[in-house]
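4 protein chains.
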Amino acid sequence: MAEKELGCVHEHRVYYYETDQMGCVYHANYVRWFEEARIAQMDSWCYPYAKMESAGIGSPVIKIELEYKSMALFNEICEVRCFIEEYTGTRINYAYEVTDKATGNVRCTGKSYHCFRNAEGKIVSLKREMPELDRIVRETADFKEIERRKKEKA
Amino acid sequence: MAEKELGCVHEHRVYYYETDQMGCVYHANYVRWFEEARIAQMDSWCYPYAKMESAGIGSPVIKIELEYKSMALFNEICEVRCFIEEYTGTRINYAYEVTDKATGNVRCTGKSYHCFRNAEGKIVSLKREMPELDRIVRETADFKEIERRKKEKA
Amino acid sequence: MAEKELGCVHEHRVYYYETDQMGCVYHANYVRWFEEARIAQMDSWCYPYAKMESAGIGSPVIKIELEYKSMALFNEICEVRCFIEEYTGTRINYAYEVTDKATGNVRCTGKSYHCFRNAEGKIVSLKREMPELDRIVRETADFKEIERRKKEKA
Amino acid sequence: MAEKELGCVHEHRVYYYETDQMGCVYHANYVRWFEEARIAQMDSWCYPYAKMESAGIGSPVIKIELEYKSMALFNEICEVRCFIEEYTGTRINYAYEVTDKATGNVRCTGKSYHCFRNAEGKIVSLKREMPELDRIVRETADFKEIERRKKEKA
Chain Z
1 MAEKELGCVH EHRVYYYETD QMGCVYHANY VRWFEEARIA QMDSWCYPYA KMESAGIGSP
61 VIKIELEYKS MALFNEICEV RCFIEEYTGT RINYAYEVTD KATGNVRCTG KSYHCFRNAE
121 GKIVSLKREM PELDRIVRET ADFKEIERRK KEKA
Chain A
155 MAEKELGCVH EHRVYYYETD QMGCVYHANY VRWFEEARIA QMDSWCYPYA KMESAGIGSP
215 VIKIELEYKS MALFNEICEV RCFIEEYTGT RINYAYEVTD KATGNVRCTG KSYHCFRNAE
275 GKIVSLKREM PELDRIVRET ADFKEIERRK KEKA
Chain V
309 MAEKELGCVH EHRVYYYETD QMGCVYHANY VRWFEEARIA QMDSWCYPYA KMESAGIGSP
369 VIKIELEYKS MALFNEICEV RCFIEEYTGT RINYAYEVTD KATGNVRCTG KSYHCFRNAE
429 GKIVSLKREM PELDRIVRET ADFKEIERRK KEKA
Chain W
463 MAEKELGCVH EHRVYYYETD QMGCVYHANY VRWFEEARIA QMDSWCYPYA KMESAGIGSP
523 VIKIELEYKS MALFNEICEV RCFIEEYTGT RINYAYEVTD KATGNVRCTG KSYHCFRNAE
583 GKIVSLKREM PELDRIVRET ADFKEIERRK KEKA
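Protein chains in written order, with this note's numbering: chain Z, 1 to 154; chain A, 155 to 308; chain V, 309 to 462; chain W, 463 to 616.
Hints may contain errors.
Here are a few chain W residues that face chain A, going by a calculated C-beta distance under 7 Å [claimed, not checked]:
#1 Tyr478
#2 Tyr479
#3 Arg494
#4 Glu497
#5 Ala512
#6 Thr550
Source of the hints: derived by calculation from the structure; they are not laboratory data. The beta-carbon is built from N, C-alpha and C at its ideal position, and this holds for glycine as well.
Just chain Z, same shape as in the assembly:
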């Protein structure tokens, strides 16, 4: 089973306003694309982020990591792959890969780490607060497969 099949693919076209005078995408912008990819993934579950937020649960970012591999250029169509790397019921970690659609060249990889928080700002368990969404996440993330790949790399 290929890594790509596990995740969600979001297309992002590079606009002029994302470039800087070096002639490529300014490095902070990829963090926004990661958000887009997470949103796309929740859409694919028919459980949009907006629905979760309306129900009083937010998912703030507690850590972000990015590694820049090559420069994404204006007008390029990028593919942002996003998959769940870890999910504990109270924490969720995503991994990302941004590639140029035309060539497959990797532009950037990254990770984001999130907790869950209720409207009062208290850290909560998604498992307890939203059992339906918890079940979807567990089904999406094929954790046996993830484990298998981790062992392969080790």
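Based on the hints, put chains A, V and W in the right spot on chain Z.
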């Protein structure tokens, strides 16, 4: 009385993240600088925007106009002049001028038009809701002087 | 002939990073959506902006106007309509309308005014420099129809 | 010798356009503040980034890490501390700490990793290309002190 003396001068340094691949500031960014200048002006009244908002009154933008005169470059220190062009108690209009501090070259001019809104989203009169701030605005904006200059131009 | 049929429709989904603490899209962001719509229009001509730029011609913004009608919200799909309002061979003006796709409510309208510039920064005539693109623009913009509508409004 | 004395302190005020509908600074914006702090540090050397770039050397980001500790709010004055964590002549790594100036509360910490690149896009040695700047960096970064602190923590 010089036009400059009437208003508030806010310094904005151009960062890399504001440039685009044309090698100058991306045109949408000036709208943000206008916000900075309005905030600086309210600071100068010892009545920060945050204080107004905490008291339940927001001042959403209902119209914006920008004219681009020359290109602001990375690392340039710009001066953003902001002055009140009209104030009716329920509406406030600002005029802006962005210049390169070193040369005085005009980068951009613009206007923004605002109403006042309470926490329920209803349009309100600042005069009625915040008489203290209303008084400050009227004292700041030397409307006789503004009228005089308008006539001069006509 | 409906106004909508004359132009190009670009869909823009509202992301979290576009909202501000007022709970709606920050007003400067619409300027970026206008860029997206112009880019989409040039795509529809099979003459992408990137191609024009590679050929040494840029199209900098010289004036922008925006009027805010209602608040676009997170997760909303907006339609950005863009059509050419005026084209002289050396100048091009676009008009925009941003609506909520679900309800048709107008969020924002606007205009942008552009000139053409070569790689040396000199103002040039598109008609002379790029006759092929000039022809496409003239065919796209049904100026007789635009005139007719202007008269209707008058 | 306090950690704070080793680095450079840059003040950043939180504007409305940096907040999102969660009511705090959107997490990607801190990456921009890191740029501001690096720029401030090079200023303090009387060797601005713009000067380096004019001489044909850029310093692209190859890796970024951020950890979010608490929420920075609109109107808050933040202090962005930036110090050099490692410098090899061909690579430079910065560490950052963002705190609320009023309370000292940590908002975010982070790191950025950079290489040096000439105008042709080739990775170069700063030591070889710009010996004067190389010397300043080495003098600024009190590496003995950094070593000492690392041992203390271990």
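Inset, instruction - Of all the hints given earlier, name the ones this structure violates by number, lowest first. - result: Violated hint (a single one): 6; every other hint is consistent with the structure.
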